[in-house]
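Novice: These are the residues of each chain, in order.
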Amino acid sequence: MSLVKNLINGTNFDHKSLNALQKVTLRAVVMSFLFFGLVAIEGMIMRLVQAHAPIPNQFYHPEHYFSIMTVHPIVGIFGSTYQLVFAAFMFLVPFLTKKPLYSVKLANYVWLLITIGTALAWLSAFFTHYAPLYTLYWPLPADTEQFNLIGGIVFIIGVALIMIGTLGFIYNIYATIFARVGVHKDKTTKELLISGFGIDGMLNLWNKLVGKQPYSKEPALALPVVAIFRGTVDTFLDAIVILGAGILVLIYLIFDASGHSLNVASIDALLYKNFFWWGLDLVADGLVLIYVAGSWYLLATLITGQKLFMENVARAALMLELLVSWMVWSHHLLGDQGQPEMMKLISGEMVTAFELLTQGLALFITLVTLWKARPLKMTMELKYLLGGLVGFGLAIPAAIIQADMGMNRVLHNTQWIIMAHVHIALIVGLYMTLYSALYVLWPIVTNNTKMFSSKLSNAHFWLYLIGGVGMGAFGGMAGLDGMLRRHLYVHGEFNTYMVLAAICGSMVLIAWVIFLFNIVMSIGIKGLIGIFLPAEDKSASYGIEPESVAQNHK
Amino acid sequence: MTFKSSLELLAFHNVAYSIYAFIIISIIAWFGYNLTRKEKVKSVVRIPFYTYIAFLVAGGVGHHIFTYNTIPWVSQDITRDEIKPDATYNFEITKHKWKLPAKQIVIQCGQKVLFNVKSNDLVYGFGLFRQDGSMVMQMQVNPGSKNDILWTFLHNGEFDLTSTEYAGPHQYDENGNDLMRVKKLIKVIGCKEDGGNK
Chain S
1 MSLVKNLING TNFDHKSLNA LQKVTLRAVV MSFLFFGLVA IEGMIMRLVQ
51 AHAPIPNQFY HPEHYFSIMT VHPIVGIFGS TYQLVFAAFM FLVPFLTKKP
101 LYSVKLANYV WLLITIGTAL AWLSAFFTHY APLYTLYWPL PADTEQFNLI
151 GGIVFIIGVA LIMIGTLGFI YNIYATIFAR VGVHKDKTTK ELLISGFGID
201 GMLNLWNKLV GKQPYSKEPA LALPVVAIFR GTVDTFLDAI VILGAGILVL
251 IYLIFDASGH SLNVASIDAL LYKNFFWWGL DLVADGLVLI YVAGSWYLLA
301 TLITGQKLFM ENVARAALML ELLVSWMVWS HHLLGDQGQP EMMKLISGEM
351 VTAFELLTQG LALFITLVTL WKARPLKMTM ELKYLLGGLV GFGLAIPAAI
401 IQADMGMNRV LHNTQWIIMA HVHIALIVGL YMTLYSALYV LWPIVTNNTK
451 MFSSKLSNAH FWLYLIGGVG MGAFGGMAGL DGMLRRHLYV HGEFNTYMVL
501 AAICGSMVLI AWVIFLFNIV MSIGIKGLIG IFLPAEDKSA SYGIEPESVA
551 QNHK
Chain V
1 MTFKSSLELL AFHNVAYSIY AFIIISIIAW FGYNLTRKEK VKSVVRIPFY
51 TYIAFLVAGG VGHHIFTYNT IPWVSQDITR DEIKPDATYN FEITKHKWKL
101 PAKQIVIQCG QKVLFNVKSN DLVYGFGLFR QDGSMVMQMQ VNPGSKNDIL
151 WTFLHNGEFD LTSTEYAGPH QYDENGNDLM RVKKLIKVIG CKEDGGNK
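Residue numbers (the numbering used here), protein chains in the order written: chain S, 1 to 554; chain V, 1 to 198.
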């Protein structure tokens with residue numbers, strides 16, 4: 001088949017054979033990767049400015065530069081990552097529980113709301129240069145002396161739509177998990193709750209210690225579903241906090257528009273910071289770590305075809321992560337002198353250090369599960385899983401190092417935390433885990449569509465891995481030399497590191513182009529359009545006989 | 001072992017983390033290679049599960065114990081309310097402009113100096129930098145809160161001040177120059193060693 005024919009028709013992809021669940025999953029995946037491209041381009045623009053590259057002058061203007069910096073995480077975290085994770089989980093929960101998704105219609109609203117919300121936030125920053133950054137430190141988002149009022153209102157509405165979409169995802173997930181159909185026909189809500197929180201794993205461990213029979217030989221929920229259940233608690237709390245902050249900003253902006261400005265000093269900036277970081281940190285230290293741990297466990301069992309090593313410990317650890325994720329936000333406030341020292345010490349240092357334990361445990365369990373199944377074929381999914389392990393293996397200690405009162409004094413707000421920790425955690429750790437899941441789920445979600453080129457898949461893997469780690473490493477080194485993260489440098493102050501980081505960043509961008517090309521050549525432009533057409537088969541499940549679903553619903 | 005300045009601390013940190021990064025990448029690469037091999041693999045070292053967990057706990061807690069005992073500004077920061085400073089300097093920020101206590105502040109080596117910063121509007125930062133751009137120290141400056149830091153300089157040098165927290169684009173002129181940077185605001189004299197550059 002010629003390249004042009006491939007481009008139009010794909011390999012053997014038939015969108016008409018997909019059911020409603022498969023289609024809604026793929027729609028969100030497509031949007032996620034389009035946003036990934038946008039975020040990679042934004043990142044490269046900022047990197048080129050910091051490297052003092054000869055690009056148009058407008059990129060060096062502070063209004064323009066910081067508006068890019070403001071939407072970069074919104075597009076990256078919500079537009080891309082959230083969409084990809086939500087797509088995977090809205091497919092996996094029905095797939096693993098062998099029950100239909102509660103509502104495909106709601107799932108469609110989820111990706112639409114997140115896409116529209118992200119686009120609105122992006123447009124407001126692009127056209128009006130609204131740029132309070134994702135941290136929204138009070139009272140900056142309500143500062144209409146620096147920012148356009150209408151731009152601010154549009155931006156906040158955009159973020160609010162993303163959060164409403166997120167709440168839709170949460171409802172869909174819990175409604176599916178708690179539906180008493182199929183294998184859960186005879187389960188009570190209490191049993192599902194106990195299993196969802198990982199309490200059964202903890203009780204099993206306790207009973208083993210005291211010599212009793214296991215509390216539950218067959219837990220109600222599979223371990224990856226437990227991780228999704230647990231992570232989604234944090235997703236909910238985070239959505240409520242961000243939505244709350246958004247409403248607060250919106251109230252101030254609307255009053256400002258009416259000519260009756262409210263006093264910004266009525267809100268205590270430090271208290272607001274605590275509230276906001278408590279919620280925002282649930283993304284980084286809650287749902288990401290828990291979702292990732294769950295994904296590793298799932299991938300390890302699917303790749304090896306064997307049971308997870310130390311499953312009860314893994315279940316209990318997910319419960320521990322619940323408590324840890326709620327109490328670590330103060331590590332973002334170690335540089336705030338008004339923050340009580342005890343909170344810095346307990347929440348910022350000690351509880352945060354537990355993340356080394358929970359994530360180290362997940363890494364250990366995953367590696368041993370793989371090890372026990374030797375010899376394995378080095379498939380794309382295994383490669384990406386190992387890449388994901390490398391990412392978090394590097395990123396978590398980088399953060400723990402800074403979550404320390406001594407180190408924070410000389411590292412806070414530098415490029416260290418955003419590059420050596422955040423970018424390596426997201427680009428390498430999280431995304432490589434998600435790519436692994438994508439390669440595992442690809443044949444299931446696309447009805448055995450053949451990937452266009454394994455050589456391109458490999459090129460994507462190596463460029464992405466080396467580029468991602470390299471960019472994080474060079475950025476991190478610049479941070480150690482004093483380069484701030486939310487600062488504009490226009491005199492080439494950290495040129496060497498920034499040029500090297502830009503080279504690595506361009507590898508990530510090229511990797512994305514290669515990946516996208518490979519996917520488009522596999523499904524074809526016709527298939528790509530077909531994904532967005534209504535499904536003929538309205539099934540909201542995968543791998544269940546229609547009769548059994550119907551019976552279970554009775 | 002005591003780190004006298006951020007330069008020494010960060011140099012140590014750079015080496016330690018680079019070694020760690022090399023080790024973790026090597027371990028996963030070793031795993032990846034051996035996962036595919038048919039013949040039995042001989043473990044380089046056998047680490048029991050509970051030893052591994054103990055190692056993680058010791059690493060997490062030990063890191064803080066290590067820094068508390070080797071970085072001089074940690075204990076001084078925690079107990080700063082009980083320490084009488086040798087000198088106090090008050091700063092104010094309004095609309096991205098500093099109100100400075102003096103055009104240049106000259107500090108004697110080893111003096112305990114209290115920097116007290118008040119913001120009248122937004123969240124800013126207070127950061128001191130060497131002439132090569134490396135950071136001496138920083139803190140956040142929140143409106144409506146106490147923002148004070150007690151610092152002891154143990155090296156000679158001239159240090160720039162700027163805000164380390166983004167407070168909107170008005171911190172910069174239209175060409176991107178930092179309007180809050182105050183060149184060589186602080187001068188430390190009387191130490192045996194210079195610590196102005198790497």
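Possibly wrong hints are sitting among the right ones.
Unchecked claim - So, partial list: chain S residues that the calculated Cβ filter (under 8 Å) puts toward chain V: (1) PRO62; (2) GLN146; (3) ALA160; (4) LEU376; (5) LEU484.
Everything labelled a hint here was simulated from the structure, so no lab data went into it.
Virtual Cβ for every residue (Gly too), placed ideally from N, Cα, C.
Novice: Work down the list of hints and note, for each, if the structure agrees.
Specialist: Outcome of the hint check:
Given hint, S/PRO62 at the interface with chain V, holds; its Cβ is 4 Å from that chain's nearest Cβ, closer than 8 Å. For the restraint placing S/GLN146 at the interface with chain V, the shortest Cβ-Cβ distance is roughly 4 Å, inside the 8 Å limit, so the hint holds. For the restraint placing S/ALA160 at the interface with chain V, the shortest Cβ-Cβ distance is roughly 22 Å, beyond the 8 Å limit, so the hint is violated. The closest approach between the C-beta of S/LEU376 and any C-beta of chain V is roughly 5 Å, which is under the 8 Å cut-off, so the hint is satisfied.
Using the Cβ-Cβ criterion of 8 Å, the hint placing S/LEU484 at the interface with chain V is satisfied: the shortest such distance is roughly 6 Å.
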